[in-house]
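Enquirer: Chains A and B supply the protein sequences, listed in that same order.
For the first sequence, position 13 matches number 13 in my numbering, and the numbering has no gaps at all.
For the second sequence, position 25 matches number 25 in my numbering, and the numbering has no gaps at all.
Hints were generated in silico from the structure; no laboratory data involved.
Beta carbons: idealized from backbone N, C-alpha and C, even for Gly.
A few of these clues could be false.
[Unchecked claim] List time: in silico DSSO-like cross-link candidates among lysine-lysine, alpha-carbon distance up to 30 Å:
#1 B:Lys57 x A:Lys94
#2 A:Lys69 x B:Lys57
#3 A:Lys70 x A:Lys56
#4 B:Lys11 x A:Lys36
#5 B:Lys11 x A:Lys70
#6 A:Lys36 x A:Lys56
[As the list claims (entries may be wrong)] DEER-style ranges, computed between Cβ atoms:
#7 B:Ser80 x A:Val50: 36 to 46 Å
#8 B:Asp38 x A:Gln104: 13 to 23 Å
#9 B:Val88 x A:Thr62: 27 to 37 Å
What follows is the residue order along each chain.
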Amino acid sequence: GQQVMQIPQYQHVQEGEDFTTYCNSSTTLSNIQWYKQRPGGHPVFLIQLVKSGEVKKQKRLTFQFGEAKKNSSLHITATQTTDVGTYFCSNTDKLIFGTGTRLQVFP
Amino acid sequence: DAGITQSPRYKITETGRQVTLMCHQTWSHSYMFWYRQDLGHGLRLIYYSAAADITDKGEVPDGYVVSRSKTENFPLTLESATRSQTSVYFCASSIVISYNEQFFGPGTRLTVL
Chain A
1 GQQVMQIPQY QHVQEGEDFT TYCNSSTTLS NIQWYKQRPG GHPVFLIQLV
51 KSGEVKKQKR LTFQFGEAKK NSSLHITATQ TTDVGTYFCS NTDKLIFGTG
101 TRLQVFP
Chain B
1 DAGITQSPRY KITETGRQVT LMCHQTWSHS YMFWYRQDLG HGLRLIYYSA
51 AADITDKGEV PDGYVVSRSK TENFPLTLES ATRSQTSVYF CASSIVISYN
101 EQFFGPGTRL TVL
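Use the sequences and the hints to build the structure in full.
Expert: In structure tokens form, the structure reads like this:
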């Protein structure tokens, strides 16, 4: 079946450093959604990308959808301790979630 | 604004017992979903429902039963719990299935001894 892989699985960064997580699919996706789950919490929707090559920004977060619509990335500039959590990508057509990237930020 | 709630929040049961996890949403969303979350596997879809009395299997449906007699409720039943069903279970809802965000409940942590 269709799979969506995320890398890395874990990332530990010093506060102020940048962070990027990647989401890769074996097939073309109609859309990509990103969710954030704080430790002990539930996934919360961040953003949706639909167009090829689309780039969206939310303050320090930059989301990108690849030209071939098979991959996506989430980049956080100058991480803060509030960014701690697990970031998931998702595709609504197949109702699948990536395996997630767990971000730890050290002050 | 209650949103989407799950009960119980924590449950410990024994192998072979029947367990029902409840999910209730106040938005009248058409779609509801059940996921399980295990370390290293992310979120995996168990079952979903497009409307009352319409349900469909997801990626990992074996050992689970769902029903949806009312739009706002979507209970998940483990007919005979096994240790491999120890997990965190999330219920979610959305207005439509495509191009629409899912709203997640707080989760139920289930331990099967």
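Enquirer: Run every hint past the structure and note whether it holds.
Expert: Verification of the hints:
1. B:Lys57 x A:Lys94: holds, 12 Å
2. A:Lys69 x B:Lys57: holds, 26 Å
3. A:Lys70 x A:Lys56: Holds - the C-alpha atoms of Lys56 (chain A) and Lys70 (chain A) are around 17 Å apart, at most 30 Å.
4. B:Lys11 x A:Lys36: Answer holds: Lys11 (chain B) to Lys36 (chain A) is near 25 Å, not above 30 Å.
5. B:Lys11 x A:Lys70: Violated: Lys11 (chain B) and Lys70 (chain A) sit about 39 Å apart, past 30 Å.
6. A:Lys36 x A:Lys56: holds, 16 Å
7. B:Ser80 x A:Val50: 36 to 46 Å: Because 42 Å falls inside the window, the suggested range holds.
8. B:Asp38 x A:Gln104: 13 to 23 Å: holds, 20 Å
9. B:Val88 x A:Thr62: 27 to 37 Å: holds, 30 Å
Violated hints amount to a single one, hint 5; each of the other numbered hints is respected by the structure.
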